Amino acid sequence: MKKKTVFSYVTLLLVLTLVLAGCGNQNNNPANPNNSGNDGGSEGQEEARAFRLNLHSEPPSLDPALMEDNVSGTIATGIYEGLTRKDESGNTVEGMAESWEISEDGKTYTFKIRSDAKWSNGDPVTANDFEFAWKRALDPAIGSTYAYQFYYIAGAQDYNEGKTTNADAVGVKALDAQTLEVKLNSPTPYFLGLTSFYTYNPVHQSAKENAGWAADAATIIGNGPFKMGEWQHNTSIKLVPNENYYAKDQVKFTSVDFTMIADSATELANYETDQLDYTGKPTGEIPAEQIPVLAESKKDEFHQVGTASSYYYMFNMEKAPFNNVKVRKALAMAIDRQSIVEDITQAGELPAFGFVPPGIVGVKGDYRDEVKDDFFKEDVEEAKKLLAEGLEELGLSSFPEVKLTYNTNDSHKAIADAIVDMWKTNLGITVGTGNEEWAVFLENRTAMNYEIQRAGWGADYNDPMTYMDMFVTKGGQNNTGFASAEYDALIQKAYASSDQQERIDAMKEAEKILMDQLPILPIYYYSSVYMLKPGFENIYLDYKGDIEYTRGYYVAK
Amino acid sequence: MAEKMLTPDDFAKLSKEEKKTETVVRESISAWKDAWLRLKTNKMAMVSLAILVVIIIMAIIGPWISELMGQDYSTNHLKEKNTSPNGTYWFGTDNLGRDMFARTWMGTGISLQVGFYAALADLVIGVIMGGIMGYFGGRVDEILNRFCEVLYSIPSMLIIILLIVIMEPSMFTIVLALSITGWINMAWLVRGQIMQLKNQEYVMAAQALGASTPRILFRHLIPNAMGPIIVTLTLTVPSAIFAEAFLSFLGLGVQSPSASLGTMINDAIKAWTLYPWRMWFPAAIISLMMLCFNIFGDGLRDALDPKMKK
Amino acid sequence: MLKYVSKKFLSMLASLFVLASATFFLMKLIPGDPFLREKAIPEKIKESLYAMYGLDQPIWKQYLMYLNNLLHGDLGMSMKQQYMSVTRIIKDSFVYSAQIGVLAIIVSVAAGLILGIIAALNHRKLLDSLTIVVAVLGVSIPNFLAASALQYVFGLKLRLLDVSGLNDWTDYIMPVLALSFLPAAFIARLTRSTMLEVLSADYIKTARSKGLSGRIILVRHALRNAILPVVTYIGPMTANIITGSVVVEQIFGIGGIGKFFVQSITNRDYTLIMGLTLFYGIILMVARFLTDVAYGFVDPRIKLSRGKGAK
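Just so you know, the protein sequences line up as chains Z, L and G, in that order. According to my numbering, the residues represented by the first sequence are 2 to 558, in order. According to my numbering, the residues represented by the second sequence are 234 to 543, in order. According to my numbering, the residues represented by the third sequence are 2 to 312, in order.
None of these hints come from the bench; they were simulated from the model. Since this is a predicted model, take the numbers as computed values, not measurements. Worth double-checking, as some hints may not be accurate.
Said to hold, decoys possible - In silico BS3-like cross-links for lysine-lysine, where the CA-CA straight-line distance does not exceed 27 angstroms:
{"no.": "1", "chain 1": "G", "residue 1": "47", "chain 2": "Z", "residue 2": "209"}
{"no.": "2", "chain 1": "Z", "residue 1": "174", "chain 2": "G", "residue 2": "29"}
{"no.": "3", "chain 1": "Z", "residue 1": "184", "chain 2": "G", "residue 2": "45"}
{"no.": "4", "chain 1": "Z", "residue 1": "174", "chain 2": "Z", "residue 2": "184"}
{"no.": "5", "chain 1": "Z", "residue 1": "378", "chain 2": "Z", "residue 2": "425"}
{"no.": "6", "chain 1": "Z", "residue 1": "299", "chain 2": "Z", "residue 2": "558"}
{"no.": "7", "chain 1": "G", "residue 1": "29", "chain 2": "Z", "residue 2": "299"}
{"no.": "8", "chain 1": "G", "residue 1": "8", "chain 2": "G", "residue 2": "29"}
{"no.": "9", "chain 1": "Z", "residue 1": "184", "chain 2": "G", "residue 2": "29"}
{"no.": "10", "chain 1": "Z", "residue 1": "509", "chain 2": "Z", "residue 2": "534"}
{"no.": "11", "chain 1": "G", "residue 1": "45", "chain 2": "Z", "residue 2": "475"}
{"no.": "12", "chain 1": "G", "residue 1": "40", "chain 2": "Z", "residue 2": "494"}
{"no.": "13", "chain 1": "L", "residue 1": "266", "chain 2": "Z", "residue 2": "299"}
{"no.": "14", "chain 1": "Z", "residue 1": "494", "chain 2": "Z", "residue 2": "108"}
{"no.": "15", "chain 1": "L", "residue 1": "314", "chain 2": "Z", "residue 2": "425"}
{"no.": "16", "chain 1": "Z", "residue 1": "300", "chain 2": "L", "residue 2": "266"}
{"no.": "17", "chain 1": "Z", "residue 1": "253", "chain 2": "Z", "residue 2": "534"}
{"no.": "18", "chain 1": "Z", "residue 1": "300", "chain 2": "Z", "residue 2": "119"}
{"no.": "19", "chain 1": "Z", "residue 1": "425", "chain 2": "Z", "residue 2": "385"}
{"no.": "20", "chain 1": "L", "residue 1": "276", "chain 2": "Z", "residue 2": "300"}
{"no.": "21", "chain 1": "G", "residue 1": "40", "chain 2": "Z", "residue 2": "475"}
{"no.": "22", "chain 1": "Z", "residue 1": "558", "chain 2": "G", "residue 2": "40"}
{"no.": "23", "chain 1": "Z", "residue 1": "534", "chain 2": "G", "residue 2": "158"}
{"no.": "24", "chain 1": "G", "residue 1": "40", "chain 2": "Z", "residue 2": "164"}
{"no.": "25", "chain 1": "Z", "residue 1": "164", "chain 2": "G", "residue 2": "158"}
Said to hold, decoys possible - Only some residues are given here: those of chain G computed to face chain L with a beta carbon under 7 angstroms:
{"no.": "26", "residue": "41"}
{"no.": "27", "residue": "140"}
{"no.": "28", "residue": "300"}
Unchecked claim - Some chain Z residues close to chain L (C-beta under 10 angstroms, calculated; not the full set):
{"no.": "29", "residue": "163"}
{"no.": "30", "residue": "165"}
{"no.": "31", "residue": "288"}
{"no.": "32", "residue": "290"}
{"no.": "33", "residue": "337"}
{"no.": "34", "residue": "341"}
{"no.": "35", "residue": "343"}
{"no.": "36", "residue": "399"}
{"no.": "37", "residue": "402"}
{"no.": "38", "residue": "404"}
{"no.": "39", "residue": "411"}
{"no.": "40", "residue": "423"}
Built from N, CA and C at the ideal position, the CB exists for glycine as well.
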C-alpha cells in the first residue's frame, strides 16, 4: 500500500506542477454548496428527500412504442405504469389494472382498469389508451423496433408486418372504458409478467396529434408514480411526484434526479463526494477494477445481485475446425471459469455450464435450481484428448489459424486475453484475438464472418424460452449455424403447451442438446454491482437487473 | 610591383570539386559536419541523444531481457495480477498478471515505430504540400487548401472503419490511417511560413540568379522554416502514439495481447489510483522520450541555424 | 476586399458540397446501419424501418434526397434520438462546448505566448529549460490523463471543485484547464522557437543598436514577426476545441457536442453524422479564412489575392 501512495503522489505532484504553470488561478472557493448532506432528521426518522442516480447516456426515447434500452426503461419505470407492475420480490402485482381474468384455455385475458387511474395531466387512464398504445406500437409506420414484444397477441405479427392493414384484426380491444380484452395466439404463461414491460405501457391520446410528444418535458404525459419535471437533453432529468397517481402516498421521494455521466470513474467520484446516492448497474457502472476494493471498504453500501443474463462465445459451426463437436467441446472444457469470474470480472458472476442463467422462473422456483447446469465439466486432460480426436476427424495435422473477436470493451478484452492464454497453456493452441467496432462486429455476426465471437444475452421476459428459442434452426439470433430438428421440435412443443411442467421439461431437453453440441461456449452468468448510500430503503434490482425505485424512501440514521 | 600580363596559360580549367565551391549554395556536407561539431558542445542535447539511444536499445532488447528472466509479454499470472514492482516483476504486473517490464518495452518499440512513421509522413507530405501552397499561392493554393480543409473535416472515424473493413490490422494499416490526415496541420504551418518568407530579399536574389523552384523551396525557404517544423514534429509524435490507442479502440490498432504505450495507458487509466505503476511506466517513457526528443530537436535546430552561432 | 470575400465564400460553398458528398458516400460504404442491435431486430420490422427513413432506396437516390433537404436548410431528424432534429442536437450541445472552448482558447493562447516569450528571452537559462519541461509534458500527456488527474486531485481528494457538471463558474476551471494543456504547451514551443530566430535576426539587432527599448522591440518587431506560426495553428485549433473533446466532456460529465462526433458514427446515425460534419466543416473553413486575413495584418507583405508573390 505504501508504494502505491508514493506513486500516486509523484503523479499528483507532476500534475500539480502542470496546473500551477498553466494558470495562476487561486481555486480557493469553498466546498460545494449544493451538497445536501445527511444533516437534519432524528434517529430512524423517515425523511423526505431526493434520490439521485446516474444514467450513462441520454434516453434515446421515452415513447413506450419506441423505447428499447434500459436507460429509457429506467425513466419509464418512474413515469409510466402498465397493467401490472413488479413488487419488491419480483411478483407481478396490480398496476393500472385492479384485476384480471384468464380464460380456461389460457388464451384470453380480461383486464379491469382501476377507476382512479389518471394521467399526469388529470385525464382518466382508460382501456382505450392501452388499445391505442399497443396498436400504435404495432403500426409499421411508427417504426417500433420492439413491436415483436406484442407478437403473442393474435393478429399482431400480421399487422406489424403489413400483411393486413386492418388494425381491428389485432386481438386487443377495449370493451368499455374500464375493460380491456386481450386474445393470444397460444397460451403464454409469462404474458401477465410482460404487461409490466415498458413496451406495454399506455400512451396518452395526445400522441395522435404530436408524434414527437415524448421528446420534451413540456409535452410528455405519463401515468406513473412520477412525472417529468425537467429534461435538459444530454445533461439531466428530474422526475417529480405525480399528484394524480392513484397511490401517491406510497411515493416518498421529493424528486428523482438523474445525471447523465458516461464515464464510470466520474460517476464513482460523484458518489464519493455525495453528489449521487446510487452508483452502478443498471444505468451506470462501477469501474471493474475498483469493485474488489469497494467491496471491502464500503461493505454497507456495496450490493451484488445476480442478473438473468449469460456471457458466452459463439462458434462459427460452418467453418473448420468448429464444424467438429469435439473441437468445440475441447475448447469449452479447457478454460477455468472460476478464475475468470474471481480474477477478472470480480463482480460476483457465476461460472456458466449451461445457457439459461439463474433468476429465471421454472416450474415452481428457479429454473436453474430445478435443472442443474452440469451438462459438461472443465477437464484439461479430457479436452486434450477430444481436441486430438476432433482434429484427426477433420484431417488436420495442427490447429488452424483462428481468431476470437469481441466488441471494444475493457472487460471483453481482459476475458478474451485470459481465455486465449488458457487455451495456449492447456491445449497448446494459439488463437488470435481482436476487437471490433460495434457495428462492424454485429455485421460480421449476421454475415457469420467470424470464427469465435463474444456474445451476451439478457432476458426479455421471465421464462427460459427467452433464451431457448434463440437457437432454433435459422433463427434470427442463431448466428452459429447450429441446426437440430430435435431441438426445434422441443421448442415447438414448449410453445404449444400451457402446462408448465411439460414446457420446462421440453426446454430442459433442448438445453441438454444445446450443451451437448455446444454451438456456444458458456462462460458466466452476469451479476450486477451497485452502491447505495446508507438510509435509502426499498430500492432494488429485479430479476434481470432493472432498477425499481418508485417506492423507495430514506430513513435518517 | 610591376604589372603582369595575363596569358591563357595562367588559367586552368576548374576541376569538378572546385566548381562546386563556386555555386551559390553552401556545401551541405560541411554544414552538417559543422552542425555536428556545434551539437557536440551542447551537453543537454547530447545527454538527450544518449537517453534516446538507450530507450531505443531497450525497446529492442527489453523483451529479450525479460525472456531471460523467464517472463514474457503475454503469459497471464492471474493470481499475481496487479503486483507492484518487485524483484520478479521489475515494473509490476497488469490486470492479468502479465509482466509490465516485457510489455512496456514491447510497447515502446511499437510506439516508437508509430511515432517515427507518422513524423516521416508529416515531414514528407506535409512539408511538400505546404511548400507548394505557400510558394505558388493563387489558384494552386486555393485548390490545395480547400482540399486540405475537406479532408480535415471528413470524420476520420469513417475513414478508419473503412480501412478496417478492407485491410488487416498491421503496422502499415496503422501508419496509413494516421497519415491520411495527419500531415495537414504541418502543411498549413509550412504554407504560412513560406508565404512570409518568400518575400524576403534572399529569395528574390535566388530568383534573379535563375534558381529553379524546387531549389528555392528546398534550399532556401524550407530550411528557414525549420524551427516551426521541428516543433510541429515534436507534437506529431506523441499525438500519433495516442491516436494509435484510439485506432485500437476501433479495432485497427495493435492487437491484444500485444500492446503499445498508448493502449497500456488507456488500460491503466481506469485504475490508476489503485495501481499507478501500470500507468506510470509507460507514461514516464513517453514523457522522457518526448523530453529528450525536444531538447535534442532544439539543439539540432540551434546547431543547424547559422544565426545562432555564438 | 469585397470581391475577395465573395470569391472565398463561393469556393467555401463548393468545398462544403464536396465535403458533404464525400462524407455521404463514405458513410454508406462502411458496414452497419442505424438499426443494428445485439438483439437483432426481426427482418420484417427492419424492412419497414428502412422504408420509413428512405434507406430502402438506391444510394444515389438517397444522396439526391439528402442534398435536396440540405438546400432547404433541413438537416433532418436524428435516427437514434427519437424526434430530435439534428439542428436541435447541435444547437443544444454546442452551447456548452463553445463556452468551454472559447475559454480554453483564450487560456492556451495567453499562457502559450507568455511562456514562449519568457523561454525565448531566457534562452539556455533555467527558465527556458523549465518551460521546455513543462511544455513537453503538456504535449506528451494526453488530455484524458490530465482531466482525470485534475478531477482526482481537486474534485475527489482536495474537494475544492465539483467533480463534474457545469453549474457555476468554478465548474469551468477543470475542463478548461484540461483542454488547454496541449495547445498552450504547443504554442509556447512554437513561440519560443520562432522568437529565438527573430531575436537573432539583423533587423532586431539594428533596432537594438538604434537604442529602442527592449519592450518596444519585443512587441512591435519580434513578437509580430514570430507570431505567424501561432496564428496558423490557432485556426484549426479553434475548430477542434470549440467543437468539444469527447474525452474531456465525458470525464467532466458535460453535455457538449464532442461526444456526438464519435457517438453518431458508432450509432450509424446518418443524419447526425452529416450534420456534424458540415457544421465542423463550416467552422474550420471560416477559421482558416480568418487565419489568412490575419496573415495580412501580421505581415503586410503577405498578399492574399495574388498568386506567386515574388514574381
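Now for the hints, and whether the structure bears them out:
1. 47/G <-> 209/Z: holds, 23 angstroms
2. 174/Z <-> 29/G: Violated - the C-alpha atoms of residue 29/G and residue 174/Z are around 43 angstroms apart, more than 27 angstroms.
3. 184/Z <-> 45/G: Status holds; Cα separation ~23 angstroms.
4. 174/Z <-> 184/Z: Since the Cα atoms of residue 174/Z and residue 184/Z sit roughly 9 angstroms apart, the hinted pair holds (cutoff 27 angstroms).
5. 378/Z <-> 425/Z: Measuring from Cα to Cα gives roughly 19 angstroms; hence the hint holds.
6. 299/Z <-> 558/Z: holds, 16 angstroms
7. 29/G <-> 299/Z: The given pair, whose Cα atoms are some 49 angstroms apart, is violated under the 27 angstroms limit.
8. 8/G <-> 29/G: Answer violated: residue 8/G to residue 29/G is near 32 angstroms, above 27 angstroms.
9. 184/Z <-> 29/G: Outside the cut-off at roughly 43 angstroms; violated.
10. 509/Z <-> 534/Z: violated, 41 angstroms
11. 45/G <-> 475/Z: Answer holds: residue 45/G to residue 475/Z is near 15 angstroms, not above 27 angstroms.
12. 40/G <-> 494/Z: Holds: residue 40/G and residue 494/Z sit about 24 angstroms apart, inside 27 angstroms.
13. 266/L <-> 299/Z: violated, 66 angstroms
14. 494/Z <-> 108/Z: holds, 17 angstroms
15. 314/L <-> 425/Z: holds, 19 angstroms
16. 300/Z <-> 266/L: violated, 69 angstroms
17. 253/Z <-> 534/Z: holds, 16 angstroms
18. 300/Z <-> 119/Z: Violated. Residue 300/Z to residue 119/Z sits at ~42 angstroms, over the 27 angstroms cutoff.
19. 425/Z <-> 385/Z: Satisfied, since the Cα-Cα distance of roughly 11 angstroms is no more than 27 angstroms.
20. 276/L <-> 300/Z: violated, 56 angstroms
21. 40/G <-> 475/Z: Given that 27 angstroms is the threshold and the Cα spacing comes to 15 angstroms, the pair holds.
22. 558/Z <-> 40/G: Judged against 27 angstroms, a Cα distance of about 44 angstroms means the pair is violated.
23. 534/Z <-> 158/G: holds, 19 angstroms
24. 40/G <-> 164/Z: holds, 24 angstroms
25. 164/Z <-> 158/G: violated, 62 angstroms
26. 41: violated, 20 angstroms
27. 140: holds, 5 angstroms
28. 300: holds, 5 angstroms
29. 163: violated, 33 angstroms
30. 165: violated, 40 angstroms
31. 288: Holds: closest Cβ of chain L sits about 5 angstroms from residue 288/Z, inside 10 angstroms.
32. 290: holds, 4 angstroms
33. 337: holds, 8 angstroms
34. 341: Holds, because the Cβ-Cβ distance from residue 341/Z to chain L comes to roughly 9 angstroms (cut-off 10 angstroms).
35. 343: holds, 8 angstroms
36. 399: Violated - the Cβ of residue 399/Z stays beyond 10 angstroms from chain L, reaching only about 20 angstroms at its closest.
37. 402: violated, 12 angstroms
38. 404: holds, 9 angstroms
39. 411: holds, 7 angstroms
40. 423: Hint on residue 423/Z: holds, closest Cβ of chain L at ~8 angstroms, below 10 angstroms.
Checked against the numbered hints given earlier, this structure breaks hints 2, 7, 8, 9, 10, 13, 16, 18, 20, 22, 25, 26, 29, 30, 36, 37; the rest are met.
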